[in-house]
Amino acid sequence: RKEVEQDPGPFNVPEGATVAFNCTYSNSASQSFFWYRQDCRKEPKLLMSVYSSGNEDGRFTAQLNRASQYISLLIRDSKLSDSATYLCVASGTYKYIFGTGTRLKVLA
Amino acid sequence: NAGVTQTPKFQVLKTGQSMTLQCAQDMNHNSMYWYRQDPGMGLRLIYYSASEGTTDKGEVPNGYNVSRLNKREFSLRLESAAPSQTSVYFCASSEALAGLPGADTQYFGPGTRLTVL
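Residue numbers (my numbering), protein chains in the order written: chain A, 1 to 108; chain B, 1001 to 1117.
Simulated from the structure, these hints should not be mistaken for laboratory data. The C-beta atom is built at its ideal place from N, Cα and C for all residues, glycine as well. One should not assume that every hint holds.
Mimicking EDC-like on lysine to aspartate or glutamate, the simulated pairs with C-alpha atoms at most 16 Å apart in a straight line are [as the list claims (entries may be wrong)]:
1. Lys105/A / Asp82/A
2. Lys105/A / Asp39/A
3. Lys2/A / Glu1059/B
4. Lys1014/B / Glu1079/B
5. Lys45/A / Asp82/A
6. Lys95/A / Glu3/A
7. Lys105/A / Asp7/A
8. Lys95/A / Glu1059/B
9. Lys42/A / Asp1038/B
10. Lys1071/B / Glu1052/B
11. Lys79/A / Asp57/A
12. Lys105/A / Glu15/A
13. Lys79/A / Asp39/A
14. Lys79/A / Glu15/A
15. Lys95/A / Glu1095/B
16. Lys95/A / Asp1056/B
17. Lys95/A / Asp1104/B
18. Lys42/A / Asp82/A
19. Lys45/A / Asp1104/B
20. Lys1071/B / Glu1095/B
21. Lys1071/B / Asp1026/B
So, partial list: chain B residues that the calculated Cβ filter (under 10 Å) puts toward chain A [what the hints assert, rightly or not]:
22. Ser1031
23. Gln1037
24. Tyr1048
25. Ala1050
26. Asp1056
27. Glu1059
28. Thr1105
29. Gln1106
30. Gly1109
31. Gly1111
32. Arg1113
Work the whole structure out from these sequences, hints included.
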């Protein structure tokens, strides 16, 4: 089993739609969680950190469920520019463990 | 505000050739990392450096060596390149290693696209 697992997608959604991604992690000792965005042939860029209480940044909401060991990302009112791959990250022992990413395509 | 820089951006090598990938950060971060990214495999950690003067193996260190030259710079060397090392290489930095005081997110360089023929 991978330490961080994501549905690879692609998720094809129309503009304006709401879309949600889940990510599961296996290390119950993980302390920090993040969502990164990666555009084609570019470096990953931090989208948002994920806190126990959940957090929101504009159209993006991230949630953490420690009991079930998953984190989620909700994107409201999807824009064409949201098309990218979204990487889930959990902290390991001195390292950050990346999922393989979920690909999102927002369609006009 | 450069952040994390990497050189070169692209490189083509023949099997058996050697090369060094350079990485530098200007954020005064203590920890630095080298990853490779292959289709369907996600980011895999090659080596990391907790702080200046220390380096440790990651998930896939075979065929690579690293040098933490100073706090700013962390280089990755391929001594004898193989086609299996064809990949995109990313350098990253963070204030501290995951789980340690001050640990926070990582910042990535733009990547080096390496092809080994």
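Quick rundown of the hints versus the structure:
no. : hint                  : in the structure
1   : Lys105/A / Asp82/A    : 8 Å, holds
2   : Lys105/A / Asp39/A    : 11 Å, holds
3   : Lys2/A / Glu1059/B    : 13 Å, holds
4   : Lys1014/B / Glu1079/B : 12 Å, holds
5   : Lys45/A / Asp82/A     : 13 Å, holds
6   : Lys95/A / Glu3/A      : 12 Å, holds
7   : Lys105/A / Asp7/A     : 14 Å, holds
8   : Lys95/A / Glu1059/B   : 10 Å, holds
9   : Lys42/A / Asp1038/B   : 13 Å, holds
10  : Lys1071/B / Glu1052/B : 5 Å, holds
11  : Lys79/A / Asp57/A     : 15 Å, holds
12  : Lys105/A / Glu15/A    : 10 Å, holds
13  : Lys79/A / Asp39/A     : 14 Å, holds
14  : Lys79/A / Glu15/A     : 5 Å, holds
15  : Lys95/A / Glu1095/B   : 12 Å, holds
16  : Lys95/A / Asp1056/B   : 11 Å, holds
17  : Lys95/A / Asp1104/B   : 11 Å, holds
18  : Lys42/A / Asp82/A     : 14 Å, holds
19  : Lys45/A / Asp1104/B   : 14 Å, holds
20  : Lys1071/B / Glu1095/B : 11 Å, holds
21  : Lys1071/B / Asp1026/B : 9 Å, holds
22  : Ser1031               : 9 Å, holds
23  : Gln1037               : 9 Å, holds
24  : Tyr1048               : 7 Å, holds
25  : Ala1050               : 7 Å, holds
26  : Asp1056               : 8 Å, holds
27  : Glu1059               : 8 Å, holds
28  : Thr1105               : 5 Å, holds
29  : Gln1106               : 6 Å, holds
30  : Gly1109               : 6 Å, holds
31  : Gly1111               : 5 Å, holds
32  : Arg1113               : 8 Å, holds
In summary, the structure agrees with every hint in the numbered list given earlier.
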